[in-house]
Every structure is written in C-alpha cells, then in structure tokens.
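Two chains, two frames, some hints: make the complex.
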Amino acid sequence: MSDDWRSTASIETLRERARLLARVRAFFAERDVLEVETPVLGHGGSTDPHLASLSLEATTPGGRERLWLQTSPEFHMKRLLAAGSGPIFQLARSFRDGEVGCRHNLEFTMLEWYRPGFSLSALIDETQALIRHVLGRDPGPCRQRRYRELFRTQVGLDPFTASLTTLCQVAERETGMDLHDAERDACLDALMAFAIEPHLGQEGLEVVVDYPASQAALARKHRDPEDGAVVAARFEVYWQGVELANGYDELTDAEEQAARFVEDNRERQRLGHCEVDADVRLLAALEAGMPSGSGVALGMDRLIQLALGKASVAEVMAFATPRC
Amino acid sequence: MATYSTNEFKGGLKVMLDGDPCSILENEFVKPGKGQAFSRVKLRNLITGRVWDRTFKSGESLEGADVLELDMEYLYSDGDMWHFMRTDGSFEQYAVDKKAIGDVEKWLKEQVVYTVTLWNDNAIAVSPPNFIELEVVETDPGLKGDTAQGGSKPATLSSGAVVRVPLFINEGEVLKVDTRNGEYVSRA
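Chains as they are written, first to last, in the working numbering: chain L, 60 to 383; chain S, 3 to 190.
Excised from the complex, chain S in its bound form (with noise of 0.2 Å):
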C-alpha cells in the first residue's frame, strides 16, 4: 500500500493510524512564526466511528489503507450474520458480522443498497441511503379527521426503528424515512 505524506492528507483519504483503518476529516496547516510546519489532522476511525485528533510534523507520512465503499444489495439475515451482495454484476456475496452493522441494523430492507465499507476485504461498517422506505407494523390506530398539523406518536417498522410519526398514519402504510436523523419524512 502506498504512503501518504502530510501534505496529500485531504478529506475522504485513507490511512492507516494506530493499526486502524481512518478516513481523514480535516487536515490544518500550523505553523509557528518562523520555523517547521504542522499538520493539525482530524481522523474518523472507520473501526469504532470515533473521532481522532493527531498533529503530524510536515512531511510525515502514514500508510494508506485498503479501504473500499461498495454499493451493495442486502439480502438477508441468518442470526449472526447480515449477508450482502455487490450489485456491479459479480453477484460476489459479503458476510457482515454485528459490531459491523451497529445500528443500522434497524434499517435494514432486503433489496435496498447500502453502502458497505471493505478494510482488506473484510466488511467493517455498513450506512443506509439517506432516505427509505419502511412499512408499519404496530401503531396506535390512526385518528379520522387529522391530516397534518397536531402531535405525534411512535410507530414500529418492519425494520424494527421505532419512528415519530403523525397521528393520522397507519398500520400497513409505507412510509419514507430519514435514516441520518431517524425523522418521518412523508407517506411513501
């Protein structure tokens, strides 16, 4: 794998730090009065999601790492596993494990795609698209009458996120969801 020197260091990069694969935020070039330069770098650990802060002398350099985003198609769940299929035509299968998947596991609907992230192959996070379209499983029944103003009130999905949603919706409509703040969006 190639090495990066601090002054490649640009968002989306990916490197290795610390044995973990990183994708690289922010890098701010410091500098005191007269003298060497610093790189102020701000690193998300593609592993646990956390968010790094490193400061490198100019120059240094990190290795890059193996990393690949992929769209890919879910296709189901064997109890340990979440199995995926990359939709580029190679029908080249991914076993994603729990730490993997996280929290997305509550939006996940066979044959949607996801974005899965490979580090040497290996599936290490996995994000939903942005929007979705989910139906509902149990709600309080839907009040006559009201269409859009007024409260609100939680609904299962079929994927198993529990959403606010408007009073007038119910069981067995379709409804299309923001998976970034987990927010009802409208009736699909």
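Looking at chain L on its own, in the form it has when it is part of the complex (with noise of 0.2 Å):
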C-alpha cells in the first residue's frame, strides 16, 4: 500500500501554520488594512518572461474563453486601488507553472498588500515589522544593501557597467555553468542566484534595493541621486539566504504599463514562450487612476518554513505538488 495520500505536512505543522497566518491577519487589522478575496482566475494573466501561467478554458456568458490562473494577485489588487478601496492585503492562491522545488510549489500562497501614499521605504519598514510580527521572535538586525554595491563587494564587479565578456567571464567562474552566449540578466541572475543569495540574510535580515532598470517589471524607475544610473524602485528581503517579499514603489502610468506588455510579449515570443494576454482591465483602471504607493509581495510558505525551521515548503503544505 501507497503511502503517498498522506499530507506533506504534520498535522501539527498545520496547526502552528494556521496560527502563524492568524498573526497575519491580526497584524493588519491593527493598522486597518482591509482582508480581500479577488479571483485566481483572470481575462489576462503575467506576461513577465520569466513567469510561466497556467490557463484553462472556461464555459462563460461570454462563451468559451480562455482565462489565466493569477501568478499573484497583483492585478485584481491594483483595479481595487483604483476603485478607491485604500490600503487593502490578500493571503491569495499563486500558480506558477514548473516550479516545484524546496523552495517553490506550482501552487502557493502569496501575502500581498498595498499601501497608497507609502514611499518605498516606509513599505520596508512596514514589511521588517510583518516579518517580526510573524516570527515571533527577533530574527536580528535589518541591514540595506544597494544591488550595485552588493554585486560590487560580493564578486567584484559592477553590474551596471562591466562589459556583457566580463559578466559572462565572472558568471561562470563563480557558478560553473556555460554562459559563453548568455545576455547580461542571464549573467546577473545567476550570480544572483549561486553567488550571493545563499549569503544574504544570515546574520539578520537584508534588504536589496536600486535593481537594475531592466529587472523593473511592475516597479518605477528613476534616477539614482549618487551616480546617475537609472535603477528600479524596487525591493527583495532575504533571511537565511531565502528571498521572502519582492516590493515595488508601484507603476501607475497606463501607458507605460501597456508598453511593458507589449515588450514583455515580444521577450517572451524570442525566448519560446507562449504569448500571454494582456490584462486591459488594469490598464483601463490604471487610465482611471490609481493612486501611488507601494506593494509587496511575499511568500508565506518559506515565511512558515523558516519561521517552523523546517527544510522544504513541502512540509508547511497540506498537499505539495507531487502529492495533489
């Protein structure tokens, strides 16, 4: 007899992640931040080209259409912004297509929450005190690291200006791959992933800020006061050299939303990916007005992992992938 119907997860495991996600939720009500539920499924879905979405075909009164399964709940989140619903937080279903791992399950749950007239930093700030609230205990001091200069003091080169043979050089010295005929993010992202992240976050958390203006996808971008360089507004918290919350200093402008869908599906066509259909329902919210602010977006399982000091995701799920 099979054992596999079991649960990936203790029952008591579950116990302590549902009370762990009853603190999420205390958190917010103390600082009045509204609890909503919007639909998984939508008429657009992710065009990032690093996002693989799931879709299905749906029965509608519209016929037969084809609707996305959310990578995150950021659309129906920002359409509620404009709307007028204020500070707003979701524990929302994610899917993402092809990633299972210890670290990742095709499905999961995200903590996202939007915070109109937040700066960046104040989001940060806000996100260090989730984190604390969640834990239940110090996970020790919050330090900001500037991507350049992490890139800088971690494997000795600048990511912004070193020639794409550098990059490459430096890429697979310091992660043995081939990466003779690889693009400068391609580079950039497995330095990120071998060389650096397993360090972060070890003495306390870290914060990454000032991203390349290439890695924006739904963040501003804006000039950086000490060097010039265009960077973009955005975010990532590591602890234990886990990536737990990506936040943006959010895009409002309509059109330029619309431009970045139009790229993201020309990157996607020259990668082989399938074309993905843009959400004009946000565009036409963004053409409304949304208000400016800050989101971020966070990753409860590893959240729950880390906080239960367990080795997986799969063992703070009821069900992980292999086992639905």
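Hints in this document: simulated from the structure, not taken from any laboratory. On a predicted model such as this, the values are computed, not experimentally measured, just so you know. By construction, the Cβ of each residue, glycine as well, lies at the ideal position given by its N, Cα and C atoms. Please note that the accuracy of each hint is not assured.
Have a look at the derived ranges for each label pair, beta carbon to beta carbon [as the list claims (entries may be wrong)]:
1. R382(L) - S160(S): 41 to 49 Å
2. E94(L) - A4(S): 46 to 54 Å
3. D240(L) - S154(S): 53 to 61 Å
4. D55(S) - R74(L): 49 to 57 Å
5. A97(S) - R325(L): 51 to 59 Å
6. R325(L) - D55(S): 31 to 39 Å
7. A97(S) - E334(L): 51 to 59 Å
Derived contacts from chain L toward chain S, CB cut-off under 8 Å, selection only [what the hints assert, rightly or not]:
8. E158
9. H192
10. G235
11. H239
12. F253
Derived DSSO-like pairs: lysine-lysine, alpha-carbon spacing no greater than 27 Å straight-line [as the list claims (entries may be wrong)]:
13. K178(S) - K369(L)
14. K178(S) - K111(S)
15. K155(S) - K178(S)
16. K100(S) - K12(S)
17. K44(S) - K369(L)
18. K44(S) - K59(S)
Dropping the structure here:
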C-alpha cells in the first residue's frame, strides 16, 4: 500500500501554520488594512517573460474563453486600489508552472499588500515589522544593501557598467555554468542565485534595493541621485539565504504599463514562450487613476517554513505538488 | 537520439554530458527573486560512477543517451572478458571488459542474473543482485557449540569475495550475502 495519500505537512505543523496566518490577519487588522479576496482566474495573465502562467478554458456568459491562473493577485488588487479601496491585503493562492523545489510549489500562498501613499522605505519598514510579528522572535538586525554595491563587494564587478564579456566570465567562474552566449540579465541572475543569495540574511534581515532598470517588472524607474544610473524602485527581503518578499514603488502610468506588456510579450516570443493575454482592465484602471504608493508580495509558505525551521515548503503545505 | 529540456529532467533519465552517458539523480529548481530559473542537477557518470553537480539555465537541453539496462545471466570468463547472455529468450551474448566489470568481479557466479548497462550496445557497467548465495571455500574451522552470538572471522567465497561470517560457519557451506555492503546475511 502506498503512503502517498498522506499530507506532506504534519497535522501539528498545519496547526502552527494556522496560528501564523492568524498573526498575519491580526497584524493588518491592527493597522486597518482591509482583507480582500479576488479571483484566481482572470482574462489577463502575467506577461513576465520569466513566469510560466497556467491557463484553462472555461464556459462563461461570454462563451468559451481562455482564463489565466494568477501568478500573483497583483492585477485584481490594483483594480481595487483604483476603485478607491484604500490599503488592502490578501492571502492569495498563486500558480507558476514548472516551479517545484524545496522553496517552490506549483501553487502557493502569496501574502500581498498595497499601501497607497507609502514610500518604498515606509513599506520596507512595515514588511520588516510584519516578518517580526509573524516569527514572534527577533530575526536579527535589518540591513539595506544596494544591488550595485552588493555585486561589487560579493563578486567584484559593477553590474551596471561591466562589459558583457567580463560578466559572462565572472558568472561562469562563480557558477560553473556554460554562459558563453548568455545575456546580461541571465549572467546577473546566475550570480544572484548562486554567488550572492545564499549569503544574504545570515545575520538578520537583508533588504536589497535599487535593481537594474532591466529588472523593473512592475516597479517605477528612477535616476539614482548618487551615481546617476537609472534603477528600478524595487526591494527584496532575504532571510537565511531565502528570498521572502519583493516590493515595488508601483507603476501607475497606464501608457508605460501597456508598453511593458507589449515588450514582455515580444521578449516571450523571442524566448520561445507562449504569448499571454495582457490585462486590459488593469490598463483601464490605471487610466482611470490608481493612487501612487507601494506594494509588496511575500511568499507566505517560505516564511512559515523558516519560522518553523523546516527544510522545504512542502513540509508546511497540506499536499505539496507531487502529492496533489 | 532525442534531446531533453531541463523541465523534463527527472531521476533515472539518461543523458549525454561531456561525451559520457550519465543518469540524472536529482534536479533542483532554483530561481532568484525575480528573474530566470536554473536547474541544479546531480548526475552519475555511468562510465566512471562519479557523481557530478551541474547547473543549467532553465530550458537548456541535453542529448539523450542510448542506455539500456538489461537482465543477463553470467556465463563464464575467458581471462580477458566476462561473458553474459540475455534472459529474454534471444540468447544474445555480450562480452564485458575489466573496466566495466569493476568491483562486481568478486560477486560473479555462473547462472546468476545481473543487470548489465549497455551504452550504444556496449556493456559499460554490471550490477549484481542485492542478495546472492555463495559457497565458502576457505575459512578457519567452525567452533562447535557456538550458534548465533559472539565474534566473527573472515571467509573466502567461491566468487573470490571475502566477508565477515559468524564463528560457526564451515567450509563448504552456502551463505546468503548482501552485495550492497558485502555483509553476511544467513546460511542459505
């Protein structure tokens, strides 16, 4: 008799998980942030070239339609912001095809929240506070690192100005991969994943800011006052070598958003990935006017995994992908 | 031969890497915060038996390796080569060289079925069954009265392997041995 009907998390762990989720809700209730629930299916999907969206065909009043499973609840939540919701949070089931490993699961729980009027640094402070509140213990001091400075000190190159040849050589040396025909971002991602990330957040929370403009995703870009480089107004929070959260100073310009969707799909095509329907209702919402502010997505399963000292996210999920 | 992309990598898949056939042991999905994904893969080189760690960009692919694992009965050795025969009724014979036989030489017994790994129709490795029954050809005399408990002594088996056996075992007895750790299990 096979044993694989059993849950991948113990019942005791599921009790702990419920307790930590209750803490998240208490944290936001205290701060008057509204909990919302939005659909996991949408007419538009994520066009991000590095995310594989799942989709399905459904019968709706509009007939047979292709609907996309969200990779995060971002688009629906931004539409609520444009409709005047004020600050909102959601514990949302999200889906990313092919992502299964000790820190990934095909479907997972994203804690996402939006703070109209918040600067990126105000949201970094709140993200730290949330993590401390959920852990119920001190993860150590919080340190902010600029992406550029991080690469300079960890791998000895300037990620913004190094030549592609240098970048490829250093990335090959550090990762042992064959990167002779790789592009800038592929080399930077390889260095980030294998040479930098594992060392981040070992003595406390570490927040990486000022990403390359090419990795802006849905964040605003701005010129760095110190060195004049255009950087993405984004941050990521690391603890114990694990990326926990990813925040943006949110793009509110409908025209630029539309251009990024087109650019993304062009990149997808070039990489041989399927084209994803852009969310035209998000564009309409931005057109109508979304308040400026910051938003962040936090991998809830990872935070629970680290809080409980487990080796993989599967151990804190009732039925991780291989057993679903 | 087909090629396999990183998202098709799974335990047991046979692929070519640096000119050698390898078997994939593990494939770990790695992805930095936002950005492209990578696969950190553990592979066993089927020629040398060594385990390699390699990292690939997600979507990279490797050529499949024409590797077959077949049941074959051991027939005899001519001094240079060891001869095996397929058990599927084809009676097809394969000669295995010293390199491919490796440590398994000491577990060879005629008419026993082994797993022979073929690459492009050449034998590159042989693995014995987990348990095998072999006769003791040399050991110190058994101690009368001693049954189960107590010390052990070396015994040379008909295949050439030397294993630790209980003191009560005598020459001429047939033993069941675990080939994975080379330990005595019981009298056969």
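Verification of the hints:
Look at R382(L) against S160(S): about 47 Å separates their beta carbons, and that is inside 41 to 49 Å. Hint check: E94(L) to A4(S), Cβ distance near 49 Å, so the stated range 46 to 54 Å holds. Between D240(L) and S154(S) the beta carbon distance is about 59 Å. The supplied range of 53 to 61 Å therefore holds. With their beta carbons about 37 Å apart, D55(S) and R74(L) fall outside the hinted range of 49 to 57 Å.
Checking the proposed 51 to 59 Å range against A97(S) and R325(L) shows it holds: the Cβ atoms sit about 57 Å from each other. Range check, R325(L) to D55(S): Cβ separation about 35 Å, and the 31 to 39 Å hint holds. The given range of 51 to 59 Å is respected by A97(S) and E334(L), whose C-beta atoms sit roughly 55 Å from each other. Of the supplied interface hints, the one on E158(L) holds, with its beta-carbon coming within about 6 Å of a beta-carbon of chain S, less than 8 Å.
Against a cut-off of 8 Å between C-beta atoms, the interface hint on H192(L) is violated, since the closest Cβ of chain S lies about 22 Å away. Interface hint at G235(L): satisfied, since its Cβ lies 6 Å from the closest Cβ of chain S, which is below the 8 Å cut-off. For the restraint placing H239(L) at the interface with chain S, the shortest Cβ-Cβ distance is roughly 12 Å, beyond the 8 Å limit, so the hint is violated. Below 8 Å, beta-carbon pairs count as interface contacts, and F253(L) has one with chain S at about 7 Å; its hint therefore holds.
For a cut-off of 27 Å, the pair hint linking K178(S) to K369(L) is broken: about 41 Å separates their Cα positions. Proposed proximity of K178(S) and K111(S) is supported: the alpha carbons are some 13 Å apart, at most 27 Å. For the given pair, K155(S) sits about 16 Å from K178(S) by alpha-carbon distance, which is consistent with the 27 Å threshold. This hinted pair does not check out: K100(S) and K12(S) have alpha carbons roughly 31 Å apart, beyond 27 Å.
Restraint check for K44(S) and K369(L): the C-alpha separation of about 23 Å stays at or below 27 Å, so the hint holds. Straight-line distance between C-alpha atoms of K44(S) and K59(S) comes to about 14 Å, which keeps the hinted pair within the 27 Å bound.
Figure legend: structure checked against the earlier numbered hints; hints not met, in rising order: 4, 9, 11, 13 and 16.
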